[in-house]
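Asker: These protein sequence lines map, in sequence, to chains A and B.
Start counting the first sequence at 25; every next residue gets the next number (the numbering used here).
Start counting the second sequence at 25; every next residue gets the next number (the numbering used here).
In case anyone wonders, no lab produced these hints; they're calculated from the structure.
All of these numbers come straight from a predicted model, not from anything done at the bench.
A few of these clues could be false.
Chain copies aren't distinguished; within one or between two, either way the pair holds.
To be verified - Lysine-lysine pairs mimicking DSS-like chemistry, simulated, CA-CA at most 27 angstroms apart:
{"no.": "1", "residue 1": "K108", "residue 2": "K164"}
{"no.": "2", "residue 1": "K36", "residue 2": "K73"}
{"no.": "3", "residue 1": "K208", "residue 2": "K179"}
{"no.": "4", "residue 1": "K360", "residue 2": "K390"}
{"no.": "5", "residue 1": "K108", "residue 2": "K208"}
{"no.": "6", "residue 1": "K390", "residue 2": "K362"}
{"no.": "7", "residue 1": "K36", "residue 2": "K127"}
{"no.": "8", "residue 1": "K127", "residue 2": "K186"}
{"no.": "9", "residue 1": "K180", "residue 2": "K45"}
{"no.": "10", "residue 1": "K166", "residue 2": "K208"}
{"no.": "11", "residue 1": "K276", "residue 2": "K367"}
{"no.": "12", "residue 1": "K127", "residue 2": "K108"}
{"no.": "13", "residue 1": "K270", "residue 2": "K322"}
{"no.": "14", "residue 1": "K179", "residue 2": "K166"}
{"no.": "15", "residue 1": "K153", "residue 2": "K166"}
{"no.": "16", "residue 1": "K360", "residue 2": "K36"}
{"no.": "17", "residue 1": "K232", "residue 2": "K257"}
{"no.": "18", "residue 1": "K164", "residue 2": "K396"}
{"no.": "19", "residue 1": "K186", "residue 2": "K390"}
{"no.": "20", "residue 1": "K73", "residue 2": "K390"}
{"no.": "21", "residue 1": "K180", "residue 2": "K232"}
One letter stands for each residue in the lines below.
Protein chains: 2
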Amino acid sequence: MGDKSIMKPFEKLVPRLDAMKIINENIHPIARTENLPINEAAGRVLSEKIVADFNVPPFDRSAMDGYAVIAEDTNIANEATSVKLNRVGILYAGEKSGTILQKGQCIEISTGSPIPKGANAVVMVEYTKSHQDIIEIFRKVKSGENIAPEGEDIKKGEIILKKGDFLTPGKLGSLAALGKTHVKVFVKPKVGVYSTGSEIIEPGTIAKLGQIFDINSYTLSAIIEENGCLPIKKGIIRDEESVLTKAVLESKEFDLVVFSGGSSVGSRDLLGNIVETHGQVYFHGLQVKPGKPTLFGKINNKPLFGMPGYPTSCLSNSYVFLIPALRKLSHLPPVKEKTVSAKLSDSIKSDGGREQFFTVTIVDGKAVPVFKQSGDITSMANADGFFIIPIGITSLNAGTEVNIILFYS
Amino acid sequence: MGDKSIMKPFEKLVPRLDAMKIINENIHPIARTENLPINEAAGRVLSEKIVADFNVPPFDRSAMDGYAVIAEDTNIANEATSVKLNRVGILYAGEKSGTILQKGQCIEISTGSPIPKGANAVVMVEYTKSHQDIIEIFRKVKSGENIAPEGEDIKKGEIILKKGDFLTPGKLGSLAALGKTHVKVFVKPKVGVYSTGSEIIEPGTIAKLGQIFDINSYTLSAIIEENGCLPIKKGIIRDEESVLTKAVLESKEFDLVVFSGGSSVGSRDLLGNIVETHGQVYFHGLQVKPGKPTLFGKINNKPLFGMPGYPTSCLSNSYVFLIPALRKLSHLPPVKEKTVSAKLSDSIKSDGGREQFFTVTIVDGKAVPVFKQSGDITSMANADGFFIIPIGITSLNAGTEVNIILFYS
Numbered sequence: 025m026g027d028k029s030i031m032k033p034f035e036k037l038v039p040r041l042d043a044m045k046i047i048n049e050n051i052h053p054i055a056r057t058e059n060l061p062i063n064e065a066a067g068r069v070l071s072e073k074i075v076a077d078f079n080v081p082p083f084d085r086s087a088m089d090g091y092a093v094i095a096e097d098t099n100i101a102n103e104a105t106s107v108k109l110n111r112v113g114i115l116y117a118g119e120k121s122g123t124i125l126q127k128g129q130c131i132e133i134s135t136g137s138p139i140p141k142g143a144n145a146v147v148m149v150e151y152t153k154s155h156q157d158i159i160e161i162f163r164k165v166k167s168g169e170n171i172a173p174e175g176e177d178i179k180k181g182e183i184i185l186k187k188g189d190f191l192t193p194g195k196l197g198s199l200a201a202l203g204k205t206h207v208k209v210f211v212k213p214k215v216g217v218y219s220t221g222s223e224i225i226e227p228g229t230i231a232k233l234g235q236i237f238d239i240n241s242y243t244l245s246a247i248i249e250e251n252g253c254l255p256i257k258k259g260i261i262r263d264e265e266s267v268l269t270k271a272v273l274e275s276k277e278f279d280l281v282v283f284s285g286g287s288s289v290g291s292r293d294l295l296g297n298i299v300e301t302h303g304q305v306y307f308h309g310l311q312v313k314p315g316k317p318t319l320f321g322k323i324n325n326k327p328l329f330g331m332p333g334y335p336t337s338c339l340s341n342s343y344v345f346l347i348p349a350l351r352k353l354s355h356l357p358p359v360k361e362k363t364v365s366a367k368l369s370d371s372i373k374s375d376g377g378r379e380q381f382f383t384v385t386i387v388d389g390k391a392v393p394v395f396k397q398s399g400d401i402t403s404m405a406n407a408d409g410f411f412i413i414p415i416g417i418t419s420l421n422a423g424t425e426v427n428i429i430l431f432y433s
Numbered sequence: 025m026g027d028k029s030i031m032k033p034f035e036k037l038v039p040r041l042d043a044m045k046i047i048n049e050n051i052h053p054i055a056r057t058e059n060l061p062i063n064e065a066a067g068r069v070l071s072e073k074i075v076a077d078f079n080v081p082p083f084d085r086s087a088m089d090g091y092a093v094i095a096e097d098t099n100i101a102n103e104a105t106s107v108k109l110n111r112v113g114i115l116y117a118g119e120k121s122g123t124i125l126q127k128g129q130c131i132e133i134s135t136g137s138p139i140p141k142g143a144n145a146v147v148m149v150e151y152t153k154s155h156q157d158i159i160e161i162f163r164k165v166k167s168g169e170n171i172a173p174e175g176e177d178i179k180k181g182e183i184i185l186k187k188g189d190f191l192t193p194g195k196l197g198s199l200a201a202l203g204k205t206h207v208k209v210f211v212k213p214k215v216g217v218y219s220t221g222s223e224i225i226e227p228g229t230i231a232k233l234g235q236i237f238d239i240n241s242y243t244l245s246a247i248i249e250e251n252g253c254l255p256i257k258k259g260i261i262r263d264e265e266s267v268l269t270k271a272v273l274e275s276k277e278f279d280l281v282v283f284s285g286g287s288s289v290g291s292r293d294l295l296g297n298i299v300e301t302h303g304q305v306y307f308h309g310l311q312v313k314p315g316k317p318t319l320f321g322k323i324n325n326k327p328l329f330g331m332p333g334y335p336t337s338c339l340s341n342s343y344v345f346l347i348p349a350l351r352k353l354s355h356l357p358p359v360k361e362k363t364v365s366a367k368l369s370d371s372i373k374s375d376g377g378r379e380q381f382f383t384v385t386i387v388d389g390k391a392v393p394v395f396k397q398s399g400d401i402t403s404m405a406n407a408d409g410f411f412i413i414p415i416g417i418t419s420l421n422a423g424t425e426v427n428i429i430l431f432y433s
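Take these sequences, add in the hints, and give me the full structure.
Answerer: In structure tokens:
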């Protein structure tokens, strides 16, 4: 029996928007880059600009299947009156013609084939009829018609992609069009994940009374991976000063480190004091529910989160505070929140003293509360999203219209 | 010079919605499953239901840091009048107490610790003051207050996750809470990707006149990967009957196979005829622009797409037709389209005969056209999304409000 209480309440709770601002100011996008084959670069962020070193298409090519002609030869053609031209060749895709087209002649041409010398337009096959090598043309074409001129899509010297561009399938296609096999992208930031707490054990082991399975390492790692970073699961460590100090100081291996647990009243001074001693604490204690016992600081000049031990608190604060940090760190664009409006199926209460993140599932267009307690993982597992109950509101009636931020959209 | 034309126009164009219906009816979600560690299962789809085989929490635990008490002892406590209790122990997280609490006693307790025998409530530390082992209590608690009872979150026997559930971080957390180390999920369907065309060469090689780099293998593989499937890049094959027939028949290795190119007028009969001979063609030719020369069929009882060779056509049809197929195949929920409304920055034209997918980028809240030609990859690379111009509309004025389907949200 100790003679000193292990507990001390929080001193000052930081509002959500202030906390987000502090985090944003202290997270800096990663500078390290790597060279990747383009077929491994989907979803990554470009760290160099891409300049076209040739025109695309690289030659005047046919935009249609049909006949390359001299446009002037088709002047009198229409649906009723055909012009007859002499087919002097067939160009399959990928082939070029040695022939120089003369008046009265045409060359059958596939989409994408280089326009033969002498030709200045293509008549679509739909407006022709063939009789062996005599081709009837039923439509007039203008000079340049159905030709994709060299450089129409991309001009040599043009900046095609910029540093910081997110590599969508379309942008990867541009890289391929330019003949690129590799690109420089920002590396995925390494994020260390620790679960702290003497009561926490690995799933798959046998729990004794008082022990519970580690949840946060798994939810945090999934969140980290989904947001452009590389989770490095460091497992469960005891809430003891020497162990925690060692872990905190190891953070120099990582670009960011996330602890969960150990920031509640009982043990939070431990992590807080260690970070204070070896680095800086920017805030400790948030004016939100769930998720009050959250810490953000810096150690070895690397950002550090101390997330609540409670699974729901840890996960909801991950959506609100950690994801923006991960995405800034990895150069990903901010999440575009998808929101939907729905009426509450039931009346609910809030304590009014803190902003509450209230999880709901959407059933038949109604917002059905799933929030139970901060300690309950099912609050998050079964939720489609959450809405924010402002400070000062202590109850909401069934039927109240709420604006739900969806977890997945 | 051949004496037989290689070309034949399309016979009947299928409207978009009919095509989507045909695809949907002929894609069946994959049945094969695999067993994965839960830290590799994020974003996968469960192929088994998960039943809780114990209660969570597995014991009555403290929901707060504070003092476990007998509620009746606190009846007269309030802000002005304290009750003094004798602290007979400290319970750190993960520890259990052997003590049976007696009247007039309390035990200091951390969040998550098992409630000691005899206690029936917890007073939050915020409402107490400690003087060595004498604890002053300044708030009355009711029986059960600040206790998370055994099974509060999950009850033994309860179905926690269902077959077909998409594994979000929260759902992975539920699995961990139940002590699961592995789960059964559906395998990622294998999707074969072929680029066909004698003019197509690999990026990184030297292009001769008439040759262009393969784009579609890269864009298609990225699309396939983003939508729950495993792309298997089979590379570039020539548009020749024997080569194409061999490739088409190889499709039995895959759960779905995608060809691009070879379905335009010049060569499309080749793929069409092969699929017709060895399987079924469900449609060939769509009433959409870009993307008319698209084929969908079945070979070896596996679905087969013949996508247009033009990069923009191939990619826009992937968004509209292929992604829904990939997601159904892999059990992923359909994409929830994110749309925004914006005014056109410029007047545009459409041919009116087909629905047109018109790509735009959103600049200062305006929809700025980026569509150039079907052959242009930058139409897609630079686009934020597209809107659909209905059949019969041949022009839209600047300022027209359009509803844009975003590629990424």
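Asker: Checking an output row: K186 and K390, CA cutoff 27 angstroms. Within, between, both or neither?
Answerer: between (43 angstroms within a copy, 22 angstroms between copies)
Asker: Checking an output row: K108 and K164, CA cutoff 27 angstroms. Within, between, both or neither?
Answerer: within (12 angstroms within a copy, 103 angstroms between copies)
Asker: At most 27 angstroms between alpha carbons: which applies to K179 and K166, within, between, both or neither?
Answerer: within (24 angstroms within a copy, 76 angstroms between copies)
Asker: When Cα atoms must be at most 27 angstroms apart, do K108 and K208 count as within-copy, between-copy, both, or neither?
Answerer: neither (54 angstroms within a copy, 67 angstroms between copies)
Asker: With identical chains, the pair K164 and K396 could be close in the same copy or across copies; at 27 angstroms between alpha carbons, which is it: within, between, both, or neither?
Answerer: between (73 angstroms within a copy, 23 angstroms between copies)
Asker: How would you label the pair K36, K73 (within, between, both, or neither) given a Cα cut-off of 27 angstroms?
Answerer: neither (46 angstroms within a copy, 44 angstroms between copies)
Asker: Could you place K390 and K362 in one of the four classes (within, between, both, neither) given a Cα distance threshold of 27 angstroms?
Answerer: Answer is both: 16 angstroms inside a copy and 20 angstroms across each meet the 27 angstroms cutoff.
Asker: At 27 angstroms max between alpha carbons, let me know whether K36 reaches K127 within a copy, between copies, both or neither.
Answerer: The answer is neither: 88 angstroms in one copy and 35 angstroms across copies each exceed 27 angstroms.
Asker: Is the C-alpha distance from K208 to K179 at most 27 angstroms within one copy, between copies, in both cases, or in neither?
Answerer: Intra 22 angstroms, inter 50 angstroms, cutoff 27 angstroms: intra-copy only.
Asker: Within a copy, between copies, both or neither: which one fits K360 and K390 at a CA-CA cutoff of 27 angstroms?
Answerer: Both. Shortest intra-copy (23 angstroms) and inter-copy (18 angstroms) distances satisfy the 27 angstroms Cα cut-off.
Asker: Treating 27 angstroms as the Cα threshold, decide for K180 and K232: within, between, both or neither.
Answerer: between (69 angstroms within a copy, 17 angstroms between copies)
Asker: Up to 27 angstroms between alpha-carbons, please classify K127 paired with K186: within, between, both or neither.
Answerer: neither (47 angstroms within a copy, 72 angstroms between copies)
Going down the numbered hints, you'll see the structure goes against 2, 5, 7, 8, 9, 10, 11 and 16, while the others check out.
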